[in-house]
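Undergrad: So the sequences go chain by chain: S and A.
By the numbering used here, the letter at position 176 of the first sequence is numbered 176, and the numbering carries on one by one without gaps.
By the numbering used here, the letter at position 177 of the second sequence is numbered 615, and the numbering carries on one by one without gaps.
Far from chain S, some chain A residues (derived; all Cβ distances over 10 angstroms):
(1) Gln570
(2) Glu666
(3) Gln673
(4) Gln828
(5) Pro868
Cβ-to-Cβ under 8 angstroms is the rule here; a few derived chain S residues that face chain A:
(6) Glu42
(7) Ser48
(8) Tyr90
(9) Ile365
(10) Gly368
(11) Asp375
(12) Lys378
(13) Gly379
(14) Ser400
Derived from the structure by calculation, the hints contain no laboratory data.
The C-beta atom is built at its ideal place from N, Cα and C for all residues, glycine as well.
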Amino acid sequence: MKTDYKKLAEQIVEKSIKKGATEAQCSIYDGVRFSVDVREGEVEQLISAGSTSLSLKIIVDNKVATASTSDLSSKTIDDLIENSIKKAKYLSKDEFAALPDLEKIDFNIESLKLYDDSAEKVSPSEKTKLAIELEKICTSNKQITRSTGAGFSNSYGTTYLANSKGFSNSYKSSSCYVGVGLQAGEGDNLYEDGYYDSSRSFKQLLPIDEIAKKAIERTTRMIGARKIHTQNVPVVLEPEMSAQMLLGFLVECLSGSNIYMKRSFLAGKIGETISSNLVTLIDDPLIPGGRGSVPFDRDGVPARRKSIIENGVLKSYFLDNYSAKKLGVKPNGPGPTNLSLLPGTKSQQEIIRSVDKGLLLCSTIGQGTVPTSGDLSKGAYGIWIENGQLTYPVNEITISGNLGTILKNIEMIGNDPDPRSSFSAPTLLISEMTISGI
Amino acid sequence: MTSNLWLNELLANPTKAVGETLLSNYFGFTKEQLKKLLEIGLSRGGEFAELYFEYRISNNLTYEEDIVKSASENIMLGVGTRVIKGNKFGYGYTSDLSFDKIKEAFLAAAAIADSSNGNKVANLNEKKVPNQFYSMQQPVSLASLEPKIDLIRRGYHSAKAYDSKITRVTSSIADEMQYILIVNSEGLIVSDVRPQVRLVVSATAEDGNVRNTGRGNAGGRVGLDFYEKIITPEQIGYQAAEEAVILLKAKDAPPGEMHVVLSKDESGVMIHEAVGHPLEADGAWKKTSIMWDKLGQLVANPIVTIYDDATIKDLRGTLNIDDEGVVCDNVMLIEKGKLVGFLNDKLSAKILNHKENGHGRRQSYMHPPIPRMNNTVLAKGDTPPEEIIQSVKKGFYAVTYQGGMVSGTGKFTFSVNLGYMIENGRLTYPVKNATLIGTNIDILKEIDMVGNDMGFFLGTCGKDGQSVPVTCGTPTLRINRMTVGGVA
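Based on the provided sequences and hints, a complete structural model is requested.
TA: This is how it looks when you write it as structure tokens:
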């Protein structure tokens, strides 16, 4: 017998109010996942499982307690409700702790195309075959030393949310992934990289020969990498780096809690020019089939498209209901959904050609980001640029700078955003960063 | 859902001698049912089948802006099913503890094998854990709310009171109690009850346009009394505030290659990243670790000895048994520079034909066990730390870190939160925003002085998408030559 989770979530909210909560919210996720990892032509691990989880937010007179459980037995849920109410009463009053007022979702959730059943229709053995094929294409290349593994995974499930303001809605979503990791080089001097694609739909995944080609290219280009001297030079970020390193760090600095806690160098900078005027950054949760698309946030606030940076001017932060209340503005969603730094007109080649001496940044390792100050410092791999041409690979260097300066030093924007992730950005030219080497 | 009787029994006696309750009620199943389930696991020709039952309560409390900002409770209940065949395994899990759902999860895992001949399950026999390395008095997860709120409030106010430049403080306590039961087709039934707690204070200092964050934290598999007897919340708050205020005056690191001295406080993270990960045995049999073919070889300066000891009492990474039910031990990894061992889970030990050494760990029942570290330690030497600093004419002294990362190929980075410059044998000025980068093979050979002190760093280690609590320990170390990334 299939549980009606929409009804269960509503009942839990009702029960919480009956037992003494002033406000209550319940969300449930019920999903299924499959993953297969292969290496050297054989299956290494196969994971297949279904799981359900429930989370609860209880507010008693502006005092809030939260709870979650993977055990959905009624006794556990009842205990959690009672414990949370009891606990909330102990806590401090927080005038901002309240559920958002009910807002109507004025678009059709189906139109977001969050769910696609094409991966479910593919058999486990087909999925396994795909991963094995992908690995085989890669390892048949003579420059590849070995594969660190190829894999396929997919998951789908339904998210339910109900609260005492009268919100009750749900959406079904799916995702699938295929990728491979490789090593190239000789002796102890090996390099690791790889490539993947992900999508909501199996049908839209890149063909495996394209993934293999990219993976081989990315791994073998580092063979023979050397150290270089410490210097300040222009740095060209590949689209992956623009998205992962730059946008990744920027998002952290724009998160509501870092803003109201003043743990970000961008706190209080709305309306100010924080980057080169070439930069426009949009977050759009409503792109049909988008990897980060979502109809409403965890408090039931409908998703909206928003400008984060417009021609260099900071327009908004990522604000969930609580952070927005603290700052006295409207909530616009707790985090990035489909975040896009709008592309320019230059090709990556043109951008590289404009650099006399500098670095094409290919990948980084390590943390090294401090939102409070904007300082950034990471281990880096790249290709040295000399007279507008790519020359030799470099490694065992670090790259550093301050995000505030880096944003202002964006001099050129490419036309080549990487569509594979929910963060999308093109090649970027940063006029100066510090490289530390020998 | 089967009856919750087992849970009521457990909660009525939550700290009864390790796992005794679970060893009599088996999460609501009978021994016959468990055996039947394992038989289903082996029904398609698998060689090894295992059930991993887990019940975990965890709590989080945060104090911020002069109020208790958030309080949460998380309950995790479920069972993982695993079937091994040759070098491969299948894995399933469910949060529904009914016989039929577990059977379904086992059939999903059993699909890794494809024969119609089932293998036999040995008779199930309870085994008690031989040692108790956790403090089971006053587990924080079973304490009431007031003493915990008191702890975080004290940490908060101590940081606030340190200096008027401290503008924001977050003080939080995270605790958990994990109950596990492992049953496998070799006939093992074993259980463990694991407490864990950590109090973290982070403080932001502000001076004009300059803002910095410092952090202090302490905890382990200890009880509430730890925060009276070993370290107080006031000390933790002070640490966080002190670091934040020092950082206000810190300059950017001058980049380049130089002598680097690693302080004892948190530098264990380097041993963990640079040496620990490449010595996890999955990288050895898959040949993806740079160390896979170096057993018996000299891989470090002979003054370097490194081991992983899961049996040090009360530490964050300590375990009585690992997540496959293997009794934990102290495993020698590098002895006087020579590589002598790897950290094994059952599968790696079998493939490599090594002895099992209790290092198979998992994040939860939703994750298969893999070789992991527990408490990784670089053994003490005999040089006083002051002498190490005095020996450096110009160099960098690393004190606290934001984290570190290593690739299978041995290349690593560490992000330093606070460091100092060393000039003519003395610490001169504080430095921020530095990154240390290198290759483990090089660095192990470049360690040329080992201090006679010892510090432990509490970490949460991520690998293959799984996080587990670990500790890493080291004395003060001198690295002859290392690249420091900074700003020119």
